[in-house]
Amino acid sequence: MDVYLDNAATTFPKPSIVPEKIYDYIVNNGGTSGRGAYEKAMLADGLVYQTRKSLAKLFNHSDPKTVIFTSSVTESLNLALQGILKPGDHVVTSALEHNAVWRCLKTLERDRGISISVVPANSQGETKIEDVEASIRPETRLIVFTHASNVLGTIQPIAAIGKLARSKNILFLVDAAQSAGVLPIDVQAQQIDLLAFTGHKSLLGPMGTGGLVVNCDADIHPLISGGTGGDSAYEYQPDYYPNHLEAGTLNVSGIIGLGAALEFLETEGLGNIRRKEDFLVAYALNALKAIPNIELYGPRDSTKTVGVIPFNIAGHLPEEVAYYLDQECHVMIRSGLHCAPSAHRLIGTIKRGTCRVGIGYFNETADIDTLVNGLQSYLKENK
Amino acid sequence: MYLETINLIFIKPCTTGGGRVKFKAKMSRSIAELMPYLNAEINTGLYIPQAHTFTYKIESHIINIKDDRLTCTQLTNEAQCYEMIDHLKDVINDTWERKESITPNEETRERPSAIQLYKLLPKKIGCKACGHASCMAFASKMILGTARLNQCPLLKEDDYSPNYLSLESHLQLLGYETD
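Respectively, the protein sequence lines represent chains Y and C.
Mapped onto our numbering, the consecutive letters of the first sequence carry residue numbers 1 to 383.
Mapped onto our numbering, the consecutive letters of the second sequence carry residue numbers 384 to 562.
Just chain C, with the same shape it has in the complex:
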């Protein structure tokens, strides 16, 4: 078997309400060599060859794989974490078994842009609560991974809740932590 085990190494408990559990897991090997094949098979995934990362969504869950590590978001409980791990192991092993018949794809599909993030930010003039000069500057830093979403206090207000979730989803797709 190509991938023998995926072991959970961290579960971030949900403290704010249902469906916010995240986990980190360690795979028994790096699957970097398999990523072009996963990229060919999962046509909504985001593959970044230089970083050895492959990220994709299953329903509301964002799965980020880097070398021998993976993370997954938006889970309800431990049982669902294990169910997801079983599923991912099957996907990886199945792709490996069929790889002779798959044409690997090295392309990086379109990544979320700073503009997309900016559109979802509060854009309150002169706010600077995040420590950046403007929402555009904050969005640019987030795209680079040098600023975190939780630095914007306005987004924690209920009115911005849908925007927060969209922003979180974009950033997690890039493999970034958001809180």
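Next comes chain Y alone, as it looks inside the complex:
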């Protein structure tokens, strides 16, 4: 049987209610959102609104209208960074960023004349709040931080950074790609101005869904312009939300699937999900220690990470280990740089990369046992 351990890339499987609701919508409704003068389209529109409302509730955000849908967290991050930053602005960011943030910032540095400061982190991927504060300059417009590293799993001190940013009147953007749906996120208590999230990881929804929670009154220039279904005679994007930042037909089927996933999450309870993933991470860390010559990276402490365990086996290439596990043991893990080179610099794996186990809510201890047995077989055959 296949063992899926790449949940940090995308979660699999999805709760059955997700494909069921998508199927029901496509087969029995099919109307578009915001464009219909008939009841079915308005029903579809209502389901989109309900998903906005569920997301607002999940993140303790007061206004569902400012939950913006995008196609991915990458688009959400681009929307926030490209839509806000102006020439001369300074940005503070972590040493763990995914290319979704890093390439966007570097492009703005080259093309728009922003400047970037990277806050140092230790080899476990931990950031000190004092180092964030020391990176702030008078012209700092925004702080962007990942909530949890996709390479090391390390959880960042989001609430402390939010408090610092608010006290200095600096916008705070959080990349919740690895945390939304597994760690508690409260945009009010954690003083998060902009929260970028994806629907297809721990929120357990389909790919092609993501969003940006706008918890501030910053002027955000739209990334795209086009039809919104209303005010059509007006020649520019309207200034009211969500239409200001959403143009074109929405991914209604995906959003309905995400709405179903959020129902599932609410029923299961975020606390229970986190507890199970914590338990599996602790179990896996313990089991992996038994592998000869294994190099485990990151905090190696389930309370400090999300369900990500990076490792190497000394003298072996990560892609060969992953290839063997897939072909011989039907165990799927990730290998390489995971689109986040700066995190690999911290742990000295920028050239070879790592293997990465991504644990999800639907994994069980038997999956970890299969992985560990697979690694032992690999070592027997590849001495």
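The hints are simulated quantities; they were obtained by calculation from the structure and are not laboratory data.
Don't take each hint at face value.
[Stated by the list, open to error] With a Cα cut of at most 16 Å, we get these calculated EDC-like pairs of lysine to aspartate or glutamate: (1) C:LYS407 / C:ASP451; (2) Y:LYS14 / Y:GLU268; (3) C:LYS482 / C:GLU424; (4) C:LYS407 / Y:GLU39; (5) Y:LYS14 / Y:GLU263; (6) C:LYS395 / Y:GLU39; (7) Y:LYS380 / Y:ASP301; (8) C:LYS409 / Y:GLU328; (9) Y:LYS168 / Y:ASP89; (10) Y:LYS57 / C:ASP469; (11) C:LYS409 / C:ASP469; (12) Y:LYS40 / Y:ASP24; (13) C:LYS472 / C:ASP451; (14) Y:LYS304 / Y:GLU126; (15) Y:LYS57 / C:GLU466.
Given chain Y, work out where chain C should sit, using these hints.
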């Protein structure tokens, strides 16, 4: 739950500028029996028992409820329509849950009068563009619901824009369509 659903059945799109979206919605049941309680709770509302209508304002939005139907005006976009529907559903269900502690009120508060409407009309002597003999005659017909505000072409001119909005608000409070 007293009221299970409120479903949008019609959105009149805004074509002239922001904030002019209207919607019609269908409730999962008639709430006529609840209207005296809503009337007691919302002391700026207009309850007309014979017609089974209850109308009130939330900021600039006029909400008109008749049996199992409701309309709402002055919205910006679909998201705001759904937000309003959620709010109205909460108001209705909350009033139902507390109705034992509410003294129902059957009174009809003062309705806008023909004179009030007349004062806001252009009063251009001998105009008759609306098809009525005078602005007073037009105002009287509007109060009865047998003439519509959009029959007066002068009101569409920019100078009369504030008057138009006031007239529209009065008439919508009575549950009438204005355009």
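Hints, verified against the model:
1. C:LYS407 / C:ASP451: 11 Å, holds
2. Y:LYS14 / Y:GLU268: Holds, because 13 Å separates the two Cα atoms, which is no more than 16 Å.
3. C:LYS482 / C:GLU424: 10 Å, holds
4. C:LYS407 / Y:GLU39: Between LYS407 (chain C) and GLU39 (chain Y) the Cα gap is close to 11 Å, so the pair holds against 16 Å.
5. Y:LYS14 / Y:GLU263: It holds: about 12 Å lies between the C-alpha atoms, which stays within 16 Å.
6. C:LYS395 / Y:GLU39: Distance of about 13 Å is within 16 Å: holds.
7. Y:LYS380 / Y:ASP301: Given that 16 Å is the threshold and the Cα spacing comes to 28 Å, the pair is violated.
8. C:LYS409 / Y:GLU328: Since the Cα atoms of LYS409 (chain C) and GLU328 (chain Y) sit roughly 59 Å apart, the hinted pair is violated (cutoff 16 Å).
9. Y:LYS168 / Y:ASP89: Holds, at roughly 15 Å.
10. Y:LYS57 / C:ASP469: 14 Å, holds
11. C:LYS409 / C:ASP469: 13 Å, holds
12. Y:LYS40 / Y:ASP24: 13 Å, holds
13. C:LYS472 / C:ASP451: Roughly 12 Å separates the two Cα atoms, so the pair holds.
14. Y:LYS304 / Y:GLU126: OK: LYS304 (chain Y) and GLU126 (chain Y) at ~9 Å, within 16 Å.
15. Y:LYS57 / C:GLU466: 14 Å, holds
The structure is inconsistent with the numbered hints 7, 8, although it conforms to all the rest.
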